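Colleague: Listed here are the chains, written in short residue letters.
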Amino acid sequence: MAKISLTVNGKAVTAEVEPRTLLVQLLRETLNLTGTHVGCDTSQCGACVVHLDGAAVKSCTMLAVQADGASVTTIEGLAKGTQLHPMQEAFREHHGLQCGFCTPGMIMTAVDMVARLGSELDEATIRENLDGNLCRCTGYHNIVKAVEAGARAMGQPALAAE
Amino acid sequence: MNASTISTIGAPVRRKEDHRFITGKGRYTDDMNRPGQTQAYFLRSPHAHARIRAIDTTAAAAMPGVVAILTGADLAADGVGDLICGWMIHSVDGTPMRMGSHPALAKDTVRYVGDHVAVVIAETLNAAKDAAAAVEVDYDVLPAVAETGRAQAPDAPQLHEVAPGNTVFSWELGDKAATDAAFSGAAHVIPLDLVNNRLAPNPIEPRAAIGEYDSGDDAFTLWTTSQNPHLARLVLSAFVGIAPENKLRVIAPDVGGGFGSKIFIYAEETVCVWAAKRVGRPVKWTSDRSEAFLSDAHGRDHITHAELALDAHGKILGFRVKTTANMGAYLSTFASSIPTYLYATLLSGQYDIPAIHCHVDAVYTNTAPVDAYRGAGRPEATFLVERIVEIAARTLKMDGAAFRRRNFITSFPHQTPVIMAYDAGDYGASLDKALMLSDYAGFPARKAEAAARGKLRGIGLSNYIEACGIAPSAAVGSLGAGVGLWESAEVRVNPTGNVEVLTGSHSHGQGHETTFAQLVSSRLGIPMEQVSIVHGDTDKVQFGMGTYGSRSGAVGMSAIVKALDKVEAKAKKIAAYMLEASEGDIEFKDGRFTVAGTDRGLAFAEVALNAYVAHKFPTSEIEPGLKEGAFYDPTNFTFPAGCHVCELEVDPDTGVTEIVNFVAVDDFGVVINPMIVEGQVHGGIAQGVGQALLEGVHYDGDGQLVTGSFMDYTMPRAGNLPSFRIGLTETRCPSNPLGIKGCGEAGAIAAPPAVINALTSALGTEDVPMPATPAKVWQIIQAQRAVAQAAE
Amino acid sequence: MYAFDYQRPAAIEAAVALLRAVDEPKVLAGGQTLLPTLKQRLAQPGTLVDLAGIPGLAAIERRGEGLLIGAMARHAQVAASPLVRSVIPALAELAGMIGDPAVRNRGTLGGSIANNDPTADYPAACLGLGASIVTTARTLPADDFFTGLFETALAEDELVVAVEFAAPARAGYAKFRNPASRYAMAGVFVAEGAEGFRVAVTGAGQGGVFRWTEAEAALAADFRPEALDNLSLDSADVMADLHGSADYRAHLVKVMAKRAVTVALR
Amino acid sequence: MALEMSGSYELPVTREKAWAALNDAEVLKRCIPGCEELEKASDTELKAVVVAKVGPVKAKFRGTVTLSEFNAPESYRISGEGDGGIAGFAKGGAFVQLTPSETGTTLAYTAEAQIGGKLAQLGQRLVAGTAKKIADEFFRNFAEAVAQETSEGA
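Keeping their order, the protein sequence lines are chains A, B, C and D.
Mapping the first sequence onto my numbering, position 28 (from 1) lands on 28, and the numbers just tick up by one.
Every position in the second sequence, counted from 1, becomes a number in my numbering once 1000 is added.
Every position in the third sequence, counted from 1, becomes a number in my numbering once 2000 is added.
Every position in the fourth sequence, counted from 1, becomes a number in my numbering once 3000 is added.
It should be emphasised that the hints constitute simulated quantities derived from the structure, not laboratory data.
Every value quoted in this text rests on a predicted model; they were computed, and no experiment measured them.
C-beta atoms are modelled at their ideal positions from N, C-alpha and C, and glycine is treated no differently.
A couple of the hints might just be wrong.
[Claimed, not checked] Residues on chain C that point at chain D, a partial pick, calculated with CB under 8 Å:
1. R2041
2. A2043
3. T2047
4. M2097
5. N2115
[What the hints assert, rightly or not] Below, a list of computed lysine-lysine pairs in the DSBU-like style, where the Cα atoms sit at most 35 Å apart:
6. D:K3132 <-> A:K3
7. D:K3053 <-> C:K2039
8. D:K3132 <-> C:K2026
Assemble the whole structure, with the sequences as input and the hints as a guide.
Modeller: In C-alpha cells:
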C-alpha cells in the first residue's frame, strides 16, 4: 500500500492505496465522486476526463499514486456552490447531452479546450479537439454548439470576474 | 423557456434531468454499492467453439479473497432455466423455430468467443480476476463457422443438435405466385446483392448489475442497466425461474444509453441475482468495454439477394427478396422478430408495390448473439429498398427523386402486400422539403466545382419509412410475440397539487422526465417543476413494457393521456360538489375548474387538496384521493417517414469520404419537444453514418473477434460528422390520442442508404460495401482506374 | 491489473539503480500505452519505476542551432512550446497530432521512442531529423536507436534522458490516422538537414519506423511533391491489417510524403 | 486469426547435420524466441514454456511443440500451441524443407500462426508483424546455431 496526499476539488485528501489503483478508482470508489465515468479500457472514450493540475487527463489511464501531490478537479468540483459553470449551463441550454454518461468527460474536455485555445472556437477546432471523447447519443451536433456557446460565455468578463 | 413555467406541447423545453448529469450527480448502476457487496468476474471462452471436458477450480478457489466460483453445473443443480427468445417464428413448412439451449453459464459446450464458462465471485474485482486466471478449463476445440453465408454449407460445423444445417427457421412473407407473375410481365428486372454489416451497439455506459438477496423476506433485488426492467423481471421469474415476480424487484436507475442492446436478458445479470442467494451477499458486475464487444448483442448482419421488377416507364411491379440473417450462437431475447416482422413488413418502403415476396433464413454461427439495435430490421429493409430503388432509377436513366415520386403511395390508408397498413403520410412533402434544404438542384454545379479541386462529389437520397410505436398487442401476438406491447401509466396527484407520473416506459437518454412532464404540465396547467416522472423500478411501477422501437411517445405518453383523462373526470366531480354545480357544467382549462358561464372556479391544487380532505363530497359516491391508472394499447403501429439527403466528397488520393452536407426531413406526427426530437435525429444519423462509413464487427475465419476494442472498431467521432440540417413535416398519426409517431430510430434507419447512394454516385459504381472505409473506397477507385487503363 | 510495486525515484541514477536491483522492472513515463496494457493483464511487471519524480527531465532547451528536449516532456508541452514552434515547427505540429488532447497531456517523448510502437509518431520525427538520443549510458543516433518492431538499442538498465534535434532547413510531417485508434496508418516526416534529405516513415513498416531512401534521393534532386510522383514504395515489408492492405498503406506513404513536402515548403 | 508467412535461409552445413539439429530439443530451445522450458515428452512431442514479449505486452504461454510429417532428412512440420491464460492462446506451425545447395543446405519454410482470445481481440494491429518477427527470429537463430556448431566443431 502507498500513502498519497492530493487535493481533490479544492479539498485536501489523503488515502492508502494499492499501487495498481487507478486515479478513477480512487475518485469513484474511495472518494465516492461517481460523476467521473469509465466507458472503455483503451483510453479512447474520454468519459473519465478530469483535470490534473489544470490540464485534462484520462483518469482511467493514470495511477492514483501518480497523482500524489497534485490537484485534481472533477465534474463535481466545477460549479461554484449552486452557480453552475458556464460550460455546464451551455450543455443544458443547447441540449448537449442525452443519456448523460459521456457528459462529465465532455464538459471537462471542453473547459480544458477553452483554457488552451481561448473562448472563440470555431466548429472545426471544436470537433478536432473532441477527438478523445466519444458520445453515442447526440451525434455531437449539439455538443459542438454547447462547447462553442460555453466557451464564449467563459470569455465574458462579467463571468470571468466571478 | 424554463422548466418552472407551465409548458405547452411543441415547446423546446430544456431538460429537467440535465442538472444531475452536468453536475456529476447521475446515478448509474455502477455508481451504486451495497453493504457487504462482492465482485463478479466472468471467465469467458477464448474459443469460438469447444466442448468443455473439465473445469478445475480447486487452485483458484483457494486464492485470497475468493468467495465462490460457480459453473454451469451449479446453475443446473439449482434448476435455473435457460435464457429464452420471446418471439416464436414458424418456418414455411409450419415447424417452430429451432431454439438451441442457452444456459447463463455453459453446460458442456461454448459456442462463441466470450461465451460464459464460469463466474468468480470475490471480495474485490482484482481478487476475482487473479483467481480467474487460475481456473483451469480443459477445452476440446471444435471447428467453428462465423460467416453468415457459410453457416448453411453442408460441411459447416453444427452448433445446436436441434437445428440441422444451423437453420433456426426458414420463413417467408408475401405472395410468391403474385410476385412471380409480376416479374414475368416486367420490362426491366434490377438485381442487387448486398451485405448489411454487423454492428456493435456500444452505448458509452457498459452494462452492469448488482444482485442482492434478503433472506429475511426471501426476496431478490436486481439493479441493472435495462431498457425494460419489468420485462427483465418477467423473464427472470417466469422462464429462468430465479424467483416469483412478487419476490423479485428490478431497478434500472439512470441508464447510459441502450440503442436496443439493453433490452435483452443476458447471462451476467441473471448470474448476479442468482448467485447473490448462493453466496449470501450482494454480487456486483460491471462490464468493461472489451467484454461489451464480446457479449453485448450485436445488430444487423444480413446477406441479401433481391430483384425489383419494373414496367417500361419506371413503375415498380414487384419485389423479390432472399435474406440470410445471422443470429449468432444463441437466440437472444427478441432476435427472431428482427429479420422477420420488423424487416420484411417494411419492404414496401414508401412505394406502391403490388407484389412482394420475401424469404428469410435465420442461421446460427459461432459469434455473439444478434438482436435489436437501433432501428432493428427496419434499417436493413430501408437500406435494401432505397439502394435498389436508386439503382433502378440510375439504370433507367431517371432522376432518383423523380423515380421515387412516380412510385410513392399517395392515398391513405394504404395496405401493403406485407402486412402493414400505412395510416397517414405525405411522402412528397418531405421529399420536396429535403430537396429544397439540400439545394438538390444546385448539385451539378457543386460537383463540377469539386472535380476542379480533384474531389469526387456525390449526392444520395433515402426515403425511409418505419413501423414504430411497437405495440398493438393483438397484432404482435398474432405474429408470434410472447408478450403484449401496450403501455401503462399511473398519475398520482398529491394533496398539494403536485403530480407524480409512474410510467412503464424507461428513459436512458430520451428525456422522458421532460417530455412527459411537459405533457402533464400542459394538460393540468401546473408548472413543470411540480411534475415528477417515476420509472425504472418494478416496486414503484406495477408493470410496463419499457423503451425501444420508438414507442415511448406514441404508446407510453398515450397511456399517460388516458390516465390524465380519468384524473380530470374525477376532479371534475369533486369540483362540482365544491362549486355546488352540476358535473356537466364544470369546465377545465388552464389549470382551473370553472362553472360554465360564470366566474366561479377553483385551481387544480384546491381540488386536489379537497380530494384528500374529503369533507365536501359524499365519499359513498366518490372515493377520496386523486390517483388514476391506465393501460393503453393502440390500434396500429405508427409510420414515421421522411427523406434524408447526404452530400459528400471523396478524396481519391486517400479514399477518405467527407460528408459535407446532411439534410433530414422527418414526419414524426405531432412533436411534443422539438429540441429533444432533433437530438434523437442527430444521434440516429450519427449511428447510420457510422454503419455506412466506419463501423463493422469482424470475426476471422476461426470465429475470433478482431474488432474487439475502440482501437479497431471505428466509432463515429466529432470529426467524422458535419452539423446536420433538420426539417420537419407533419401528418398527424390517427392511431393515438396525441398524434405522435416516434422519432428515436429514424436517423439510424434513413442515413445508411443516403450515404451509400451518395458514395455510389460519387464513385460511379454500385458495388460499394459497408462500412465504406477509406481503404475500401481507395481499392474501388484503383480497380476502376485499372479497368479504364485496360480499355484505353 | 496484476499487483506490482511502485517506486518514484528522485534522481536518474536512482532510477537506473532500481532497474538493476528489482525483479521485473518496468519504466513508467506517461503511461498512455503501458497502463492500458496492464489493465488488460497483458503484462505483469514486478515494479513500476516512475520517472515523474526526477527533476529536469521535462526541460525543453536551445542546444546550439537545435533543441534538447527532455525525455519526460509531454506531447502537449512540446506542441505548445514557443521554442519548438520557432526552431522546428514540424516537430511541434507532430506532437500536436499524437492521440488526443488528454493523451497529449500525459504521454512523453521518451516513453514514445523507448516503446517504439510501429505506428507511433515520434520515432518518425527522430529518424527524420537525424536526432541523437541521449541515454543514461551514451548518445546514439536515431538510425541506430530504432532496431525493429517495438525494439530499440536500449539496454535493460538504460533510460532515455533527452533527445537532441538539429534544426532542419525545412521539415514537414503528414499523417494518415487509423480511423479507429488514431495511430498512424502512414506518417511521413520529411526534412532537409545539414547532412541532406531524410524521409522517415511510421505506421507502415512491419519492422517499425524506417527511412525511404528512394524518396530521399528524389527530394535531394528536386524538393517538390511532384518529385515523388514516379516513385512507389515496395509493399513487401509494409504492414497489412483489417484497416488496410499493404498496397494501400504503401500508397498512403507516398501521398503523405508529398503532403509533408508541401508542409515543409510552406 | 490465421496468418501465413514464408522464407528461406542458407545453412553452411550438410543436410544431415541440419536435419539432426532440427530434431534436437536443445537446439530448438535455444532458437524458439522466449523459450524458457522445453522438455521432451516423447520423440515427437515436447512440453514448452514460452514468454512472448511484444512492446509492453509480455505473456507466458504453456503448451506443446509437436514434430510431425517426417520425411528425413528432407522435411517435417514443427508446430506449437500454447495457453496464455487471460491473454488467450497462440498456435503456430511451419513446414520446413531442406535442400542441398552449393554452400551447404537451403532451409525453406512456410509458416502459419493463429491467436485467440484477448490477444486476438486487442492485438489486431500487431499480429502480422509479431508473427513474422517470431518466425524470422526462430529461423535466424537456427541458422546461427547450426553455423556456430559447425565452426565449433571445426
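Colleague: Checking each numbered hint in turn, tell me which of them this model violates, lowest number first.
Modeller: The structure conflicts with hints 3, 4, 6, although it agrees with all the remaining ones.
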